[in-house]
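The listed protein sequences derive, respectively, from chains A and B.
In terms of our numbering, the first sequence opens at residue 1 and continues consecutively.
In terms of our numbering, the second sequence opens at residue 1 and continues consecutively.
Any given hint could turn out to be false.
[Unchecked claim] Pairs of lysine to aspartate or glutamate residues, derived as DMTMM-like cross-links and limited to a Cα-Cα distance of at most 20 Å, are as follows:
# : chain 1 : residue 1 : chain 2 : residue 2
1 : B       : K349      : B       : D418
2 : A       : K199      : B       : D30
3 : B       : K221      : A       : D250
4 : B       : K124      : B       : E106
5 : A       : K68       : B       : D350
6 : A       : K68       : A       : D271
[Unchecked claim] Which bits of chain A does chain B cover? Going by a derived footprint, with three or more residues having C-beta under 8 Å, they are:
#  : segment
7  : 17–27
8  : 116–127
9  : 175–182
10 : 218–232
11 : 267–275
12 : 421–433
13 : 439–445
For the record, the hints were derived by calculation from the structure and aren't laboratory data.
For each residue, glycine too, the CB sits at the ideal point set by N, CA and C.
Listed below, chain by chain, are the residues.
There are 2 protein chains.
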Amino acid sequence: MRRKSIISPEIEEILKLPNKDEEIRNLFMDLHPRDIFTLCEDLEPQQNAQIIIALGSPVGIEFFQYFKTRLQRGIFQHFSKEWMAKVLENMAPDERTDFIRALSKEKTEQILPLIAQAERNDIKKLLQYKKDSAGSILTTEYAFLPQDITASEAINQIKRQAFDRETIYYIYVIDNERKLLGFVSLKDILVANGNELIKDIMNTNIITAHVDDDKEQVAKKLSDYDLLAIPIVDADNKLIGIVTVDDVVDVIQQEHTEDIYKYGAAGDYVDYMGSHPRLIAKQRIMWLLVLVAMGFISGMIMERHAYQLQAVIALAFFIPLLSGSGGNAGTQSSTVIIRGLATGEIHIKDILKIFFKELSIGGMVGIAMGILAALRALVLNKDMLLALTVGSAMIATVIVATTLGALLPLLFKKMKLDPALMSGPFIASIVDIVSLLVYFRIAVLVFQ
Amino acid sequence: MRRKSIISPEIEEILKLPNKDEEIRNLFMDLHPRDIFTLCEDLEPQQNAQIIIALGSPVGIEFFQYFKTRLQRGIFQHFSKEWMAKVLENMAPDERTDFIRALSKEKTEQILPLIAQAERNDIKKLLQYKKDSAGSILTTEYAFLPQDITASEAINQIKRQAFDRETIYYIYVIDNERKLLGFVSLKDILVANGNELIKDIMNTNIITAHVDDDKEQVAKKLSDYDLLAIPIVDADNKLIGIVTVDDVVDVIQQEHTEDIYKYGAAGDYVDYMGSHPRLIAKQRIMWLLVLVAMGFISGMIMERHAYQLQAVIALAFFIPLLSGSGGNAGTQSSTVIIRGLATGEIHIKDILKIFFKELSIGGMVGIAMGILAALRALVLNKDMLLALTVGSAMIATVIVATTLGALLPLLFKKMKLDPALMSGPFIASIVDIVSLLVYFRIAVLVFQ
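Chain A extracted, bound-state conformation (with noise of 0.2 Å):
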């Protein structure tokens, strides 16, 4: 594949003849439609409208779906009425309810009219379902079949349904009111005898979800089971439709984003390039005030000991140093639980064991950092009392960090909270607190 550096001036100087059309369809003739987006993705949204349209359907729909929301709104601006409802119709069920979500409400009742009917009912329906559920991201192209017939005229239905279906390889076996009733794979079909009956090779033992599930449940179940598809149903049991794995890594990726927002504290996840700075601050500002609320108590029990800082202001100088550093060993020992317990790889019945296990590493890092610290002290401020006041602090701090590190977020796990909200700003305020107080009792022992 050529660069894209190098394609790009080449493509908007084609978008300039007046055979354009026939132009672009010889270039990206050959091209997966993901080889056309990287091309073409960093070209004026109008020009990708062009480009959609000389392609057609179904490769330049395709092409158009790689687009992130709000590109595509971009883009779609510049399509006529009917290039607007035909680029609808064609669109996968689930990626075009998220669009549809994302359109302006007169908007979408600007085109609704011109969408075909089975579409625009299609449409309806699954705008129905709640954000983030199960609903949103399924498909209604999934291939089924009636239990009462035979494996071969099961393959002649199927090679009929292929061209229009999201797979045909998990096919759902429904009755007349669309109840859930089994599930043949393709291969089951075609390794069976051609005479047995569908009803005798499906398994009627089948995982399924509910249109109202959560999105990231279902993405786990789906993967915990290792299948390509699975079904959703309502509280009848009738199949709505399918959600197939390559929805499960972008709600496994959306689901990332939002864990490294909390451990960030940056709030709900806003797109970056299309907020104005007013939204994302907003979204932002409930965290840091928090913690400046929290920041008000290091300054009281500084406050409380400003005859310790007067009379030995060399104490004054370590202590971001100390306040630092258990922040950092409380921001690990916090950031390896929070994940364990995502992952399933730590449960909270071994909090014990975490507990010693975190007392020995704050140990180990503790005593380390504390000998460099206690040098500093000794080296530049040749002062025997203050380095065995800051070295000992450290020590202590550091313990006290991992350890309350790792257990805060299983204490919030314990009381069904998310413990991603122990995040590590979170852990670093209240290690500020607790290095302040270690410190200055320290230091009134030492320098009495």
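Guided by the hints, dock chain B onto chain A, whose structure is given.
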């Protein structure tokens, strides 16, 4: 499904019966291996070994494969030599390579001679590939066809291959030397005319990965192109195996874990529950010492301003608040930028736009935080000058921290370094230094 806590003692009772194998088979007959895992994962390794022997192949082996490698090792040592060989022969090749890598060399050399020739060769070949390469996660159980047969003949061949292939939905067309010629999906073959030749149906524009490619890249390619499997070839374009979509989720989860460890400056991932505290401490200590060294700089800055601190000791009370707030604001923006770079939502070319965005976000949240901090100084310390110093230092620190937190990861990316190295603790340490410089500069101006 019954609750684990109810069924667990029941299983333990059954394992004491003389006809335990039969009882175990009856109990688990209709369950998916994943559900057996959910029910039994907390049993003792020896008990799980008994269950695997009772269930036999394939269900027992599939159940075994759901355990993490460390737990598999624990179960494995309760097998007889013959059962060890049997388990290894029947595991999926990709799972098996992973597992054998974790065994000791002596153990491996003991067992290998007991394994059937074909599997032994397969194991030896796969063990050659580097850890974390495509070769380390591929399976050799793929479906393949020659190019000169018809679609109907192909279906017969596929039926014969079906029972022991990881997938028969993607089929690879190879020549006598196993060179990869093309790819057909089972769907393509099914909808083709029965007399059509495979070489006329197959797709020759095929997405492949190299056996030495990093497994993360392979997983990304597979998911970018929405494939069910991707063929892995060597330098001569010979087909070595395939990586299937179910492995992608595992790879992504591992990558996620590594990312989060970087964010928390927690070192490289090690199996937490299975590792000695010394090993975990070793992973964490490096970053901690680097951050201690950076903390020394903060101390030096304070030392240089010992005179101001002596004169207005209340200045010291606000240092933890300022550096903490700066660290938190910087962690927020670096989190958002690092994640955006990873998902492709943010590009380096947007650096100017991002700079102005963070500048205005920093301004907004900084003013709110500055007012809060100034009020605190005014109410509790009743010192107008102090309030002015603290308030304006807070605003300046937060603005600088927010923009630095965003720009440093972009700079790292630009220098082809991993932006995730600009982790929370690291940003916080840099901001610590900056906030002290800003604070004392303002203090000198105000209190002169």
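Evaluation of the provided hints:
A distance of roughly 17 Å separates the Cα atoms of K349(B) and D418(B); the hinted pair therefore holds under the 20 Å criterion. The hinted pair formed by K199(A) and D30(B) meets the criterion: a straight-line CA distance of about 17 Å does not exceed 20 Å. Using a Cα cut-off of 20 Å, the hinted pair K221(B) and D250(A) holds, with the two alpha carbons roughly 14 Å apart. Restraint check for K124(B) and E106(B): the C-alpha separation of about 15 Å stays at or below 20 Å, so the hint holds.
Between K68(A) and D350(B), the direct Cα distance comes to roughly 17 Å. Compliance with the 20 Å bound is thereby established for this hinted pair. For the hint linking K68(A) to D271(A), the alpha-carbon distance of about 10 Å falls within 20 Å, and the restraint holds. Figure legend: the segment 17–27 of chain A, annotated as covered by chain B; annotation inconsistent (0 residues with Cβ-Cβ distances under 8 Å, at least 3 required). Coverage of a stretch by a chain is defined here by at least three residues with a beta carbon nearer than 8 Å to that chain's beta carbons; for the segment 116–127 of chain A and chain B the count is 0, and the condition is violated.
Note: the segment 175–182 of chain A has 0 residues with beta-carbon separation from chain B under 8 Å; the three-residue rule is not met and the coverage is violated. Under the rule that three or more residues need a Cβ within less than 8 Å of chain B, the assignment of the segment 218–232 of chain A holds, with 5 such residues. Check on the segment 267–275 of chain A: 4 of its residues sit with their Cβ under 8 Å from a Cβ of chain B, so the three-residue criterion for coverage holds. Counting residues of the segment 421–433 of chain A whose CB falls under 8 Å from any CB of chain B gives 5; the rule of at least 3 is met.
For the segment 439–445 of chain A, the stated coverage by chain B is violated: 0 residues have a C-beta nearer than 8 Å to a C-beta of that chain, whereas at least 3 were required.
Hint check: violations occur at hints 7, 8, 9 and 13; the rest are consistent with the structure.
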